[in-house]
Amino acid sequence: MTVLRLIHSAAALVSAACLTVTLWTGLHDRGVALAFGVLVTAGELTRWSDAEGRRQAAPLGAACSLAYALLGADDGRPSQHDAAQVVTVVLVATVLGAVPHIWSGHSPTADHLARRVLTVGFAAVCFQPLYNQGVFALWSGPAYALLLLTLLALTSLCGAVLAAALAHCRTRWPFGPLLREELRGLLGIGSAVCATGAVMALAVAVVGLWALPVFCLPMLLVQLSLRRYAAVRATYRQTIASLARATEIAGCTPAGHAHRVAALSQAVGRDLGLTGPELTVLEYAALMHDIGQLSLVDPVPGGATSGLPAAEQRRIALLGGAVVRQTGVDPAVAVVVERQADPYPEQPLAARIVRAVNAYEEKARDAGPEGPLRALEELRLGSAGSYAPEVVESLARVLARPRGWRGTAPAPGGGRRTGLSDPVPGWVTHG
Amino acid sequence: MDAVPARARGYVAAVAVPAVLCLLPAPAEDTSWRALGLLAALYAACEHAVRRRFGGPFYPVLLAGAFLLPPSAAALVAVPAALLSPVEHRPALLRRVWRAAQPALAVWAAARVHGALGGRDAVAGSDFPYALLPAGAAVLAFCTVLTALDGGLRAAAGPVPPRRAWRGLLARSLAPVAVHGLAGLMMAVLWRSPYGPVAALLVLLPMCVSWWVFAQYHRERAAHQATIRALVQAVDIKDGYTRGHSERVGQASVLIARELGMDDERVEMLRFAGILHDVGKLGVPTRLLRKNGPLTPEERRIIELHPEYGHEMVRGISFLGEARAAILHHHERLDGSGYPYGLAGDRIPECARIVAVADAFDAMTSTRCYSRARPVEAAVAELERCAGAHFDPRMVGALVRALRRYGWHPTVTAEEPARDTPPVQRTARTGVPR
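Protein chains in written order, with UniProt numbering: chain A, 1 to 431; chain B, 1 to 434.
Accuracy of the hints is not assured; some may be wrong.
[Said to hold, decoys possible] Output of the computed footprint for chain B on chain A, the stretches with three or more beta carbons under 8 Å from beta carbons of chain B:
no., segment
1, 166-180
2, 195-202
3, 213-220
4, 242-255
5, 319-331
The set of hints was computed from the structure by calculation and includes no laboratory data. Quick caveat: nothing in here was measured; it's all calculated off a predicted structure. Using N, Cα and C, we set each Cβ at its ideal position, and we do this for glycine too.
Using the sequences plus the hints, can you model the full thing?
This is the structure we're talking about:
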């Protein structure tokens, strides 16, 4: 938590210092400041959180803030503002835009604010003092554009490190994979934000404030597309979860089993350093790992497959893989479902995780208060061939965390109702 | 697509001639060959990447060309891309000619309009907001020529009657082309600014990312629809006799909803409601579903749980909206004698009343283990007899009217017609005589 506190207090310190300086010296170029402020606020108002509720998506706000930080001229006239004013304007606009989000309590705003203040402050401090002293006068034409791009790339790198550190503090997931995930995000949406920031700064220098509405449009498009993409992804997740529930409705497995295995598998996957798409494959595979039982004539007692002979386990896994292939999900999911019963040296990592977590869930759920420990012990002893030792150790680590792995499940009451977040207490099951 | 009608060939040739005429006049003195070459290469690269990945045209570069270059040079920008980009379907030559001629003509028109309004000086002097006016006019001209040529091709080649070939084309394409036009304007302004083509290139990056995200959206949506079909197939596998039933009920529900004048969103919702109405049968033992002969009261009670199972399954899928209520209540009857809750009259959700009629109609017109298929007329008569007691007369009336207008031609896509279904299909195709 100390890192988290460090970041927050650094952001608070920067904000306070900039506010004081700006109050002392007053605002320069009020029109420009107002125009950028309005755009940043608009970008914030349309912000939303992605399916996991962690990464904040406000590409428009981010691009406008960075453009303001790197603004050197307005319609050919050198601009007057300094770094402190940049931070102040962005801070005020972001806070104004965040009011509805704070009001509805949907997303963590403090982290987002801290990130925005520190990244924009970094860019502004790198650029504005040097520009105002005329250091960049030698850089003309295309070289200046490239200079801005380089600065933006540096800023985004810092932003990625900061975001990964914040996420690490919040969730206790390992830092390396989080950073990798952030850096991968930079290649896609991050590059669009950088390009728009640079283009806006340059265009305002050439044509004045008229450039802003014109140049916002592509970013707005990106934001809309992203939003629709996020919506359809959420729906897709819900449908997969419903399909996974088919086994529970059919009485093959106990209520909530697939959901619990998926949540725990994801936590273990994170602990072992999986990221982005790999985690999605793991989640879907864990949700549907029992689907092969639908094709069985006689249901397995309690749906507990981990006690069956290996050949039978493998047969059910193959049946499940066949069903998953029909559903049109990523073929990688079907592979994981098919190979969940193979000996672990031949399995892909995701299949090892699903196998170990499923066995743990089946052994631990009805075994009373000592169940978890005994189940882990059984997994460790059975490690020769069935369960991968590194996965079992990771599972033990995850379980030892105080309610840590629950962080992967969407927060209850977070405004999103997914099939996964329903704990389904006491609903009808057949049989 | 191998057989292209002669009319279409003639049409493409007829379009190619004016396109060549646009290209022919010797480029004027002020043509910047460097800009022309760069833009053409850029357009070819974008077209190559974008068309293969996302399958759509990419106009910002073309429009930037129209804003920067004189008409004949701007038209030239479109040509190399058409000659270099891969062609998926035969005949390749005809397609290449079309892909070169259509945008070349449109860009030529746009550049003409833009130049006539003094746009190129406005761009060079970054004279805002005036520069927006010629740019807007140019985008309008570009879009008009594009859609006019497109509609002509549809009329010449396709099954579309000439009167309808142009309908709605302009309105649909104007908004996306306008966005591309703004991006093109930015490119042109930055190109002429001291920062040069490097800055102009940056404009393309957000556009490409937007395309990429959009393509991902479409991929994800397709996967989602496949998953819903898989849910339905799982039911069909269990309950072999009702193969295709779910999808036909979806189609009948859509017929009724359209007839009642519901908006598109609700109609789509009802399609899902119809398709998924029996999804709860996954929870009923296969033995009961496939049982020949009468059911004992206890077995009947177990089968009657399926609406509740179904609702339990789809409860978490928020986009289904009121379709979830339809799944829960599709066995309610108007007089309150149905299940699971014995709701009566208006207490039954509207969509459930629609699905109930569609379900009964398809059950009667398809072969079941306990009965042979009946002709559509007999099924309609039976529905009308039960209207008021079991079914909502409004829904029955809507179905009858829709059948009279369109007939009953169910198509089942989830499963290609298997060997053992012909009687169902044959009887169902009779339709209702006027």
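Each hint tested on the structure:
With 0 residues having a Cβ less than 8 Å from any Cβ of chain B, the segment 166-180 of chain A misses the three-residue criterion, and the hint is violated. Note: the segment 195-202 of chain A has 5 residues with beta-carbon separation from chain B under 8 Å; the three-residue rule is met and the coverage holds. Only residues whose beta carbon comes within less than 8 Å of a beta carbon in chain B count, and the segment 213-220 of chain A has 5; three or more means the coverage holds. Taking a C-beta to C-beta cut-off of 8 Å, the segment 242-255 of chain A contributes 7 residues in contact with chain B, enough for the three needed, and the coverage statement holds.
Under the rule that three or more residues need a Cβ within less than 8 Å of chain B, the assignment of the segment 319-331 of chain A holds, with 6 such residues.
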